[in-house]
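Student: Sequence:
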Amino acid sequence: MLFRSSRRGLLVAGGGAVTLGAAGAAYRYRTDDGPDGPVPDVTGVAVTSGSFVSQARRGARCGWSVATPGEDLPVVVVLHGRRNDHRSAFARSYLALDRFLAAGLADAMPAVAIASVDGGDTYWHRRRSGEDAGAMVVDEFLPLLAERGLDTSRVALLGWSMGGFGALHLVPALGSALKGVGVMSPALWHRYADTSPGSYDDAADFGRVTIFGREDTLAGVPLRVDCGKGDPFYPATRDLVADLATRPAGGFGRGGHDVGYWRRVLPGQLRFLATALSA
479 MLFRSSRRGL LVAGGGAVTL GAAGAAYRYR TDDGPDGPVP DVTGVAVTSG
529 SFVSQARRGA RCGWSVATPG EDLPVVVVLH GRRNDHRSAF ARSYLALDRF
579 LAAGLADAMP AVAIASVDGG DTYWHRRRSG EDAGAMVVDE FLPLLAERGL
629 DTSRVALLGW SMGGFGALHL VPALGSALKG VGVMSPALWH RYADTSPGSY
679 DDAADFGRVT IFGREDTLAG VPLRVDCGKG DPFYPATRDL VADLATRPAG
729 GFGRGGHDVG YWRRVLPGQL RFLATALSA
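Residues in the sequence shown are numbered from 479 upward in steps of one, following our numbering.
Simulated from the structure, these hints should not be mistaken for lab results.
Misleading hints may appear alongside valid ones.
Computed spacing ranges between beta-carbons, pair by pair [to be verified]:
no., residue 1, residue 2, range
1, 707, 686, 25 to 31 Å
2, 584, 721, 20 to 26 Å
3, 727, 539, 19 to 25 Å
4, 682, 589, 26 to 32 Å
5, 531, 589, 27 to 33 Å
6, 668, 549, 33 to 39 Å
Glycine is no exception: its CB is placed at the ideal position from the N, C-alpha and C atoms.
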């Protein structure tokens, strides 16, 4: 997703109200969201990139990138936000996950690979058009990673914004291979009328895939949820956490829907997922 000056394309410049969806549900956005998380001043783990044509995404060419410090490692699959792509996970100007991974490894974090892939803007679920970015991850991207020597019998998901919803949505599809899920500022709504245009086909589509009412699908999966209290998705994310039978790791504090906040919580997210993958 696009942030700061164009957050969701609807942020009033200089702060103020953020309006989400046709119903005009508005939350106050606080400009005092705490310090931006710094990118570690280290050499990042080497990143390899490529692409493939996805049948699940109706012939779309999907770029991918993988940072791996070794062979036969479990993998954290990263699901990007709206209007992002696979490059956002590793771009120095964005999340710089290769550097966060290197810093974590230097601080005795268990070794993992991190992989990202283009999912388009269809909210990581099957759409009326037949495009299904979630199926692309499970049926096409994971086999590609296995062919490259990664251990896809141990997988974790990490997503931000749209990708945060996607990570929660894909939990049932991964079964016993899924060892952990981390979400940052997940794009969650209670009602279809409040959703961002294009996020879902219609109310029925929203009803099929909303996490609310399906919280039991997350039971038993190590989960970390981070969201800033200045984030427009904070109210729904807070409600989801309250509805879960077991409170997830992570929490709520100062922060908005932006890269600075995500960088601040990334070290905790990565260590949580690496630990879950090594258990």
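Student: It remains to establish, for every hint, whether it holds in the given structure.
Tutor: Hint-by-hint comparison with the structure:
1. 707 / 686: 25 to 31 Å: holds, 30 Å
2. 584 / 721: 20 to 26 Å: violated, 38 Å
3. 727 / 539: 19 to 25 Å: violated, 36 Å
4. 682 / 589: 26 to 32 Å: violated, 43 Å
5. 531 / 589: 27 to 33 Å: holds, 31 Å
6. 668 / 549: 33 to 39 Å: Violated, at about 44 Å.
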